[in-house]
Amino acid sequence: MALSSSLTLARLASSPSATNLSFYTATTTAAAFLRRNPTRLRLRLRLNTTTTAAPKISATIAVGDKLPNATLSYFDDAGDLQTTTVADLTSNKKTILFAVPGAFTPTCSQKHLPGFVASSADLKSRGVDVIACVSVNDAFVMKAWKKDLGIGDEVVLLSDGNGEFTRAIGAELDLSDKPVGLGVRSRRYALLAEDGVVKVLNLEEGGAFTNSSAEEMLKVL
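Numbered according to UniProt numbering, the sequence shown spans residues 1 to 221.
Because the hints were derived from the structure by calculation, they are not lab data. Treat each hint with caution, since some may be false.
[Unchecked claim] List time: in silico DSSO-like cross-link candidates among lysine-lysine, alpha-carbon distance up to 30 Å:
no.	residue 1	residue 2
1	Lys219	Lys66
2	Lys146	Lys111
3	Lys66	Lys124
4	Lys124	Lys199
5	Lys94	Lys66
6	Lys219	Lys199
7	Lys111	Lys219
8	Lys124	Lys143
9	Lys146	Lys219
10	Lys94	Lys147
11	Lys146	Lys199
12	Lys111	Lys143
13	Lys94	Lys124
14	Lys94	Lys178
15	Lys178	Lys199
16	Lys66	Lys178
17	Lys147	Lys111
18	Lys124	Lys111
19	Lys93	Lys111
20	Lys147	Lys178
21	Lys94	Lys143
22	Lys94	Lys111
23	Lys93	Lys219
24	Lys146	Lys124
25	Lys94	Lys199
26	Lys199	Lys66
27	Lys66	Lys93
28	Lys124	Lys178
29	Lys143	Lys93
30	Lys93	Lys147
31	Lys94	Lys219
32	Lys111	Lys178
33	Lys124	Lys93
34	Lys147	Lys124
35	Lys146	Lys93
36	Lys219	Lys124
[As the list claims (entries may be wrong)] Here are the computed distance ranges between Cβ atoms for each label pair:
no.	residue 1	residue 2	range
37	Gly127	Ala62	18 to 28 Å
38	Ala78	Thr210	33 to 43 Å
39	Gly79	Glu205	30 to 40 Å
40	Phe140	Gly206	33 to 43 Å
By construction, the Cβ of each residue, glycine as well, lies at the ideal position given by its N, Cα and C atoms.
Produce the complete structure using the sequences and hints provided.
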């Protein structure tokens, strides 16, 4: 039946005088076919519809893990370059480490870091011993950023200049395709560690700022 109809339509369409009739017949035949075969239309629609799953936000580090040791650097109040380790920052302490994609970048400078500075007293009153900001920037940049924002001893600004710690916890953020030339940085996150063991991990997708704020950390203390 379908083949016969198709041949008939082809013959009608080949005649210039039958253009309107050909269009009418083709439309009527197609409508009748779909009424008799509704499942084929539904199948075609299902095949042409794709569903993209939301990306899973994950890192190498997870709640319950011991933080890997790494060396980080900073300038002290006297202007001398110092180094510390993750072990020194977390051993027998309750420590908040939060990371930003880059010093002097808008969200990091206007919201993320200032939020922890403003909440530092509340966080420490709830038992937090150390609050530290980590970024894949050199120590000179971190020093200048600290001075620019007028930060005192509320938060320690630490340079993970070579990305050693960031890679160790699987929090790299590749921004090489961005025109500003950031390269490989750290994803934004905030974690709470007790004696070096991760108790809370709020990891952001890329550079988003939704759940790694000081306010979110206060909720879990």
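Evaluation of the provided hints:
1. Under the criterion of a C-alpha separation no larger than 30 Å, the hint pairing Lys219 with Lys66 is consistent with the structure, at around 22 Å.
2. Between the alpha carbons of Lys146 and Lys111 the distance comes to roughly 14 Å, so the proposed pair stays at or under 30 Å and holds.
3. With a CA separation close to 22 Å, the supplied pair Lys66 and Lys124 stays within the 30 Å bound.
4. Of the supplied pair hints, the one linking Lys124 and Lys199 holds, its CA atoms being roughly 17 Å apart against a limit of 30 Å.
5. Between the alpha carbons of Lys94 and Lys66 the distance comes to roughly 13 Å, so the proposed pair stays at or under 30 Å and holds.
6. Only pairs whose Cα atoms come within 30 Å are accepted, and Lys219 paired with Lys199 is accepted, the gap being roughly 13 Å.
7. This hinted pair checks out: Lys111 and Lys219 have alpha carbons roughly 18 Å apart, not beyond 30 Å.
8. Pair hint Lys124 plus Lys143 holds up; C-alpha atoms about 23 Å apart against a cutoff of 30 Å.
9. Only pairs whose Cα atoms come within 30 Å are accepted, and Lys146 paired with Lys219 is accepted, the gap being roughly 26 Å.
10. For the hint linking Lys94 to Lys147, the alpha-carbon distance of about 26 Å falls within 30 Å, and the restraint holds.
11. Between Lys146 and Lys199 the alpha-carbon distance is near 28 Å, which keeps this suggested pair within the 30 Å criterion.
12. Only pairs whose Cα atoms come within 30 Å are accepted, and Lys111 paired with Lys143 is accepted, the gap being roughly 18 Å.
13. With a C-alpha separation of about 9 Å, the suggested pairing of Lys94 with Lys124 holds against the 30 Å cut-off.
14. Between Lys94 and Lys178 the CA atoms are separated by roughly 36 Å; this puts the pair beyond 30 Å, and the hint is violated.
15. For a cut-off of 30 Å, the pair hint linking Lys178 to Lys199 is broken: about 33 Å separates their Cα positions.
16. A C-alpha spacing of about 33 Å is found between Lys66 and Lys178, which places the hinted pair above 30 Å, so the restraint is violated.
17. Restraint check: the Cα-Cα separation between Lys147 and Lys111 comes to about 16 Å, which is no more than 30 Å; the hinted pair holds.
18. With a C-alpha separation of about 19 Å, the suggested pair Lys124 and Lys111 falls inside the 30 Å cut-off, and the hint holds.
19. For the given pair, Lys93 sits about 26 Å from Lys111 by alpha-carbon distance, which is consistent with the 30 Å threshold.
20. In summary, the hint linking Lys147 to Lys178 is supported, as the alpha carbons are separated by about 27 Å, within the 30 Å threshold.
21. Between Lys94 and Lys143, the direct Cα distance comes to roughly 25 Å. Compliance with the 30 Å bound is thereby established for this hinted pair.
22. Distance restraint check for Lys94 and Lys111: the Cα-Cα separation of roughly 23 Å lies within the 30 Å cut-off, and the hinted pair is therefore satisfied.
23. With a C-alpha separation of about 19 Å, the suggested pairing of Lys93 with Lys219 holds against the 30 Å cut-off.
24. For the suggested pair Lys146 and Lys124, the alpha carbons sit about 20 Å apart, so the restraint of at most 30 Å is met.
25. Annotation: proposed proximity of Lys94 to Lys199 holds, straight-line Cα distance about 10 Å (limit 30 Å).
26. Restraint check: the Cα-Cα separation between Lys199 and Lys66 comes to about 10 Å, which is no more than 30 Å; the hinted pair holds.
27. A hinted pair counts as satisfied when its Cα atoms are at most 30 Å apart, and Lys66 with Lys93 qualifies at roughly 13 Å.
28. Annotation: proposed proximity of Lys124 to Lys178 is violated, straight-line Cα distance about 37 Å (limit 30 Å).
29. Distance restraint check for Lys143 and Lys93: the Cα-Cα separation of roughly 25 Å lies within the 30 Å cut-off, and the hinted pair is therefore satisfied.
30. Taking the CA atoms of Lys93 and Lys147, the gap is near 27 Å; set against the 30 Å cutoff, the hint holds.
31. Annotation: proposed proximity of Lys94 to Lys219 holds, straight-line Cα distance about 15 Å (limit 30 Å).
32. In summary, the hint linking Lys111 to Lys178 is supported, as the alpha carbons are separated by about 22 Å, within the 30 Å threshold.
33. Of the pairs offered as hints, the one joining Lys124 and Lys93 holds, with about 12 Å between alpha carbons and a cut-off of 30 Å not exceeded.
34. Between the alpha carbons of Lys147 and Lys124 the distance comes to roughly 22 Å, so the proposed pair stays at or under 30 Å and holds.
35. Proposed proximity of Lys146 and Lys93 is supported: the alpha carbons are some 24 Å apart, at most 30 Å.
36. At most 30 Å may separate the alpha-carbon atoms for a hinted pair to count; Lys219 and Lys124 meet this at roughly 13 Å.
37. For Gly127 and Ala62, the Cβ-Cβ distance of about 23 Å falls inside the hinted range of 18 to 28 Å, so the restraint holds.
38. Taking 33 to 43 Å as the suggested C-beta distance range, the pair Ala78 and Thr210 conforms, at roughly 38 Å.
39. Gly79 and Glu205 have their C-beta atoms about 37 Å apart, which keeps the hinted 30 to 40 Å range intact.
40. For Phe140 and Gly206, the Cβ-Cβ distance of about 26 Å falls outside the hinted range of 33 to 43 Å, so the restraint is violated.
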